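Novice: What follows is each chain in one-letter form.
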Amino acid sequence: MVSPFSSIRDLSKALRQKKVSSVELTKMYLKRLETLGEEHHAVAQLTEALALKQAKAADNSEARSILHGIPFGVKDLYAVKGYPTRWGSPGHEHQEFDYNATAVQKLFDLGGVLLAKLEMIELAGGGNYNTPWASRSGACLCAWDKTRWAGGSSSGSGAAAALGAAAYTLGSETAGSIVCPSAFNGDTGFRPTYGRVSRHGAMALAWTHDKLGPICRSADDCGIVLQAISGPDGLDRSTIKQKLNLNHKGKLPKIGLLKHNFKKNKAEACEKAYELAISELKKLGYEFVDVAWPELPYGDAVNIIVAAEGASAHELFIRSDRLQLLPDKYQVAGLAASLETPATDYLWAMRFRSDALKANEVWDHCDCIFMPVFYHGAVSATETFDKSFVNMGGDDGPANLLGWPAIAFPIGFEGHLPLGGEIMAPAYGEATCLKVAKDFQKVTNWHHQHPPEAM
Amino acid sequence: MSKNVSRREVLAGGTALAAGAVLKLPQGKEKAPPVNTERIEKLLATPLQGEAAKNLPDAIVNVQQTSTQRWKHKLVENSEPSMVFIALKRDVRSW
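Listed in order, the protein sequences are those of chains A and B. Going letter by letter, the first sequence gives residues 3 to 457 in our numbering. Going letter by letter, the second sequence gives residues -1 to 93 in our numbering.
Derived from the structure by calculation, the hints contain no laboratory data. In this text, all values refer to a predicted model and were calculated from it rather than measured experimentally. All residues carry an ideal CB built from backbone N, CA and C; glycine is no exception. No false leads were slipped in.
Not everything, but these chain A residues come out facing chain B in the computed CB check (under 10 angstroms):
#1 ALA303
#2 ILE306
#3 ALA309
#4 ASP323
#5 GLN326
#6 SER340
#7 GLU342
#8 ASP347
All chains, full assembly: derive it from the sequences and hints.
Specialist: Put into structure tokens, the structure is as follows:
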């Protein structure tokens, strides 16, 4: 029996055994996107005609992969031929590309069925947004509570996955945009190593930081999708040539723990969830060790790089009168100001990246690091972040600067709101991330909790 | 961890980054000297309006503060920018 929350493996099995058709699955998810998805402002554009055409074709052909006939959604920064790609921005209302993003094309080639383009923070947050409503559809609302924000910038992908409005979704991350909505919505999201997935056809915010990855409902699903969309691409010279191997071999990874100040951040629920997660992993035989990375200005470097590369990537737009169509006026000002990022600052940041490689010393002591994504559940959908993000914490380390992978997954609740934890690993360490997350999900039930409204 | 975390840092790339950081929005309006917004305004098709215009000085101050902040970390003289954006294998332990 399939449900909107069924795993990819279960959906695939049901399709192969003809217990359900791709058209039936597609109609089920389209209906949920039209209702739940729209109510949560998660949908940028339904691709209904394409979805039904692809689903019929899938039903009438031999399975090409485990993803054959399975419906999915993508963040609206992935180009899809024949549909608008608006990057979450009212200033790009009529933008269309006449090609598919490589990741989307790969899923099409494997028999995937595209349900919708999903809503996102405008320009993936370039220019620094300060409001949840920095999006052409307004604030995308948390799957668990419509007074809360779904997180960003892959907002709609996070909400839709948690609402059971797609079998899986794709998001993107420059510095937090996959792990944040995954944590806020109780999803499992996988940020791969920089270069693992082709960025061709996906909006650039910062060329040297942007990563594309899946947001799903389990680590196993994430592994399947990441395997499908990864690989070298002649259209993106930054892609890694080495094939992704997600099979972890050898001893159990040793897990590093950073220092956290739960008390100062009034994060009792998070502390409890974090400790319980560690205890579950210990029962599985995992060893832990306290670690720290060198205190360096990683954040300053990320800020400068994102500002400079974003200003260049979007200069035409920033200098046009369309800039002022963006709803977040902090972001409008931020994008304008980013035009003045000094070249010396940018090159300092790129030189600093070599210095920051010192942070890899942390991997002399452990194979991966476990940490809370945030200290609290989803923030208010109506407050500005300077008020709502106090005591939230978050990763301010070298991970995004150095292209390290991470998988975020639910580890408990704060009241009715999910809390996320993440496993990060050195570059190329996706198999380690996946191993730990899958083991954790074998013995816990958090990823099987779904928003009551969506049941 | 930087103790002086700007909104830029907190929200860079689409989400909060700063663990335990006290959010510090630019407070340019109170005592800070006037910020020259003309150079930027000249680059734009139309001058910023309303709230966006009000926020521009703070946004410029943010860029300047980051510039000041980054100078505190001195790099090795004549070091080169990284053109590889992930850790090379040889830089990661013995793998």
